[in-house]
Amino acid sequence: MSDAERPSPDEILARMKREETEAARGKLKIFFGMSPGVGKTYAMLQAARQKQAEGCEVVVGIVETHGRKETEALLEGMPIMPRTQIEYRGTKLDEMDLDAILTWHPGLAVVDELAHTNAPGSRHRKRYQDVLELLDAGISVYTTLNVQHVASRSDVVRQISGISVHETVPDTVLDLADEIVLVDLTPEQLRARLAEGKVYLGERAEWAAKNFFRESNLTALREMALRLVAEHVDRDLRDIMSEERITGPWKSGDRLLVAVSASPYSERLIRYTRRLAASMEASWVVANIEQPRPLSQEEQTRLTRYLALARQLGAEVISTPGTDIGGALLRIAREHNVTQIVIGKPLGSRWTSFWKRDPLRWLMRNSGNIDIHMIPADESARPRHEPIEERLARAPWRDFGVALVIAAVVTALSLSIFDYTGYWAVSLFYLLAVVLAATRLPRSPTLFLAALSALLWDFLFIPPRFTFFITHLHDFLMFGAYFVIALVIGHLATKLREREQSERRREERATALYRFTRALAASRDLDEALPKVLALIKETFEADAAVWLHEESGLFCHPASTFVPSSKDESVAVWAFQKKQSAGRSTETLPDADALHIPLVTGDRAEGVLTVHLVNPPTMEQRELLDAFAAQLALFVNKERALEESRAAQVAHQSQKLQKTLFDSVSHELKTPLAAMTAALQQPQPDRAELQQAVRRLTRTVDHLLDATRLESGLLQPRREWCEPGELVREAVAMSGLKESAVRVNIAKNLPTISVDAHLIQQALGALLSNAAGHTRNDRPIEVNAARDDSMLVISVADRGPGLQPGEENKVFEKFYRGPGTAPGGLGLGLSIARQLVEAHSGEIVAQNREEGGSRFSIRLPIGEPMQLPNEATA
Amino acid sequence: MKPVALIVDDEPQIRRLLRVVLEGENYQVQEAENGQQGLTEIANRRPSIILLDLGLPDMEGLEVLKRLREWSEAPVLVLSVRDDEQSKVAALDSGAEDYVTKPFSTAELLARLRAAQRKTRPEEEVSIFKSGNLIVDLTARVVKRAGREIKLTATEYALLRLFVRHPGRVLTHRYILREIWGPKSEEHRQYLRVYVTHLRQKIEPDPTKPSLIKTEPGIGYRFAG
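Line by line, the protein sequences give chains V and C. In this text, residue positions in the first sequence follow the numbering used here: the first is 2, and each later residue adds one. In this text, residue positions in the second sequence follow the numbering used here: the first is 1194, and each later residue adds one.
The set of hints was computed from the structure by calculation and includes no laboratory data. Ideal Cβ placement from N, Cα and C applies to all residues, glycine included. Any given hint could turn out to be false.
As the list claims (entries may be wrong) - Listed next, the in silico DSSO-like pairs over lysine-lysine satisfying Cα-Cα at most 30 Å (straight line):
hint : chain 1 : residue 1 : chain 2 : residue 2
1    : C       : LYS1295   : V       : LYS750
2    : V       : LYS740    : C       : LYS1402
3    : C       : LYS1337   : C       : LYS1259
4    : V       : LYS580    : V       : LYS533
5    : V       : LYS750    : C       : LYS1377
6    : V       : LYS750    : C       : LYS1337
7    : V       : LYS816    : C       : LYS1295
8    : C       : LYS1344   : V       : LYS672
9    : V       : LYS539    : V       : LYS581
10   : C       : LYS1344   : C       : LYS1295
11   : C       : LYS1344   : V       : LYS740
12   : C       : LYS1377   : V       : LYS740
13   : C       : LYS1295   : V       : LYS740
14   : V       : LYS539    : V       : LYS580
15   : C       : LYS1344   : C       : LYS1259
Claimed, not checked - If you want the footprint, here are the derived chain V segments under chain C, 3+ residues with CB under 8 Å:
hint : stretch
16   : 643–650
17   : 865–871
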């Protein structure tokens, strides 16, 4: 098999991922038709009855029969879920009871009209979201859908039929369908059914026949429906082909880019690109080049909606600032390997293209091998000029006032001095005023000032004065030049300022994000990080925030949260957590909630939820920043959790290992002397020496175990007293039970008295002595030295044994470590106990090899302050 | 009449062993297997020495010790498996004469037994103490070694006098501190070792190998009298 025939790893991965989630998911079957009345609901119910007959548990979630007899007949004998009533502005609206179905948990739920919009106050805005939740819960769903409700087709439908469709279903939902069943009728048959009153009743039927159900409409709709289903089938086929490795026509790696703005025309561009991308099987990117000019509230909302639509239709969305639209688009295109760019052909006037660089023409000249699609705007989507009242409402009246005052002041000043300067110089005063004003005032007042000053100059100063007439040619030229210069300068200066403001906003955003990440990076753990992070959110958004973390038994609000969430907040947060989707304010789900809930998601794992109590709906910038915050926080929580888990795992592993070693060595150390004793006692004349040795060994084992346990329990607190080092060492040697000749003690002169727990240090020394006695050869004496090394007292025990293996220097102090040269017997606890005892005194213990052979163990203890005995007289 | 020794221990094996050892030393041996029985025996028999185990089934050995000390001066030797310093110090401070940890050698046990039975000597009785070339005259307050008088500080002298009056017995740190500095002695605790070192340097024949004042690690000192 050649490489070209093999599915790429990405493809295999994508399939596996889909199959993984599908295994637990319910199956979605869509009964698809070109228009109402083709019999989708009927077909769906028939299929559901079939399923029921096969033994599947079927419930009817919601079905609209529209009074059709045949359909009602099919419902008989099927369990129908009661509907829930939602009160909205005094009227009660029937809606499907999602929770009831989730609780019932049937194998299959029948849910009519996928495109339905739920009554306000429901959990989801759209019924397809309910369906997705059912699927997630493992419940299969049968549903119905008309072609005009498919998001990417709705504008074409509007163009054909002239009817705007508001209830749409994103194309991604269609992509999720395991099966799409086309319920087809010819337009003649449908019109016949309509005439028979099988679709609508009475007058409504007549009206419908003349409008939506015109034969030309139906033909177009039918074609669209057929094509959509064909595309879907085509994709299924391709899936099979790539799985079965059948050589087929592989698609090129096309990638589309579409440029959008707040213009209403963008929606059409998005839908167009989605269709194009779907037909080419290409991925697509939606780019928004943020202009320095701040958007109005209305534009902002619109843009947010478009970008949300793009995401819903499956696009990757990129927002980036830039004044040079063409350049920015090309940069994004190159960065994302885009092969085709879709761009709208604006209806802008020739006047603007005269003095601005036309991004379109520039793009076409510079795009190289990237194809450009130019889509003309249709008239209906022509940017609606903001009505003058709205503009005025937005206009900063105060700023106009300031412009007027400036004009008045400059005029008064000029009137008083123009006798000396002449009227031409006055134009420069005005110009100066315009330039200065432009650095402070927004665009319109500046331009207003520019025009006003030109007129004032003409009227008051250019002869003949107090008329708008200009008699001399040079005055006229001067006036013309002034007018143009004032406007251009005013325009340029405000533009510069706007750009600077936008830069500053970006800067602020970047700084906020930077501070956020730094606050996280500088924190050791979550409890330290959260108060800082929440304070930062409060500072940046002037909003209270809460963080929910997932614990074993559910979501818990972290105590660092700056407000106490209500139980309603909690339920939304839980939803956002489970679905790994943002919910609440300004989202698609539960938009009526007070707060915005952003799940903390890393990869496919949710760690918690960030709940933000915003006073105003967030702008797109704020929303993006919040998402970025949440992503950073999620990473931090994830890292924290992973660390915790690995720590726990390590501890578990270590303790398991320790336990095994402990068990092995303890049983060995206890049983060996017991065996020796048993054997010795069975002799007619018990060997006393043998018995004594076994008893000593047993005693030592038990002592070590007890010492280790005592140290482990943390009860050990050194009781410090002042000790003379020489005495300390000699006592320890005497206590060790070693023969006097076996140890050579060498104590340096004038050692300071140190404050330690003599008993514990002697115990540590004892362990070193016993270790040395076990290793030294040929009865060479053990050397014990005590000396001062700067601020440390060093007590060392040296033997003439085989010395340490490389790398053993630290290992010898580990619990249950027994070196290769160790004599049999012993638990390997002695040195570990010694180290703990010394460390309890803030000292350290080191092992090293001696140059002359053998090893040296040194206890280093800080000398500390000199002792001061309480004064007393001699007796 | 033989002196009576009472063994309070719940382990029959230990009781059997001790009986053999003590009868060899010419004691009349009584046994009790729990605290209550032990207290009754002490009241009835008035033993001249008591060997008490700390881990008893019905009550703590320390509790037995405290109760009997309310009305009896009989010397008590504590026998226990607990070899941590706290237990030893607690037993000695509660009025035990000495402490022997199990397992023990019989020779050591008997030596301790004899020392414990030597009653604390009143000051008048031991006005003069001699060991080797060291002479301590408590009445004249003079300490001499090899005929030459040794200058001691007030603390050193107080220590030496305490040791001389309790020969062979373990004196716990706390006991020494209380005897010399009274109840507010805690600040002196960390210096006790230094005073003993100084005293050893003045009275011991070889201060690097003390033969008179022996250290009991973690517990206190014992004066070899």
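>> I'd like to know which numbered hints this structure contradicts. Please list them from smallest to largest.
In response: Going through the list in order, the structure violates hints 1, 3, 5, 8, 10, 11, 12, 15, 16 and respects the others.
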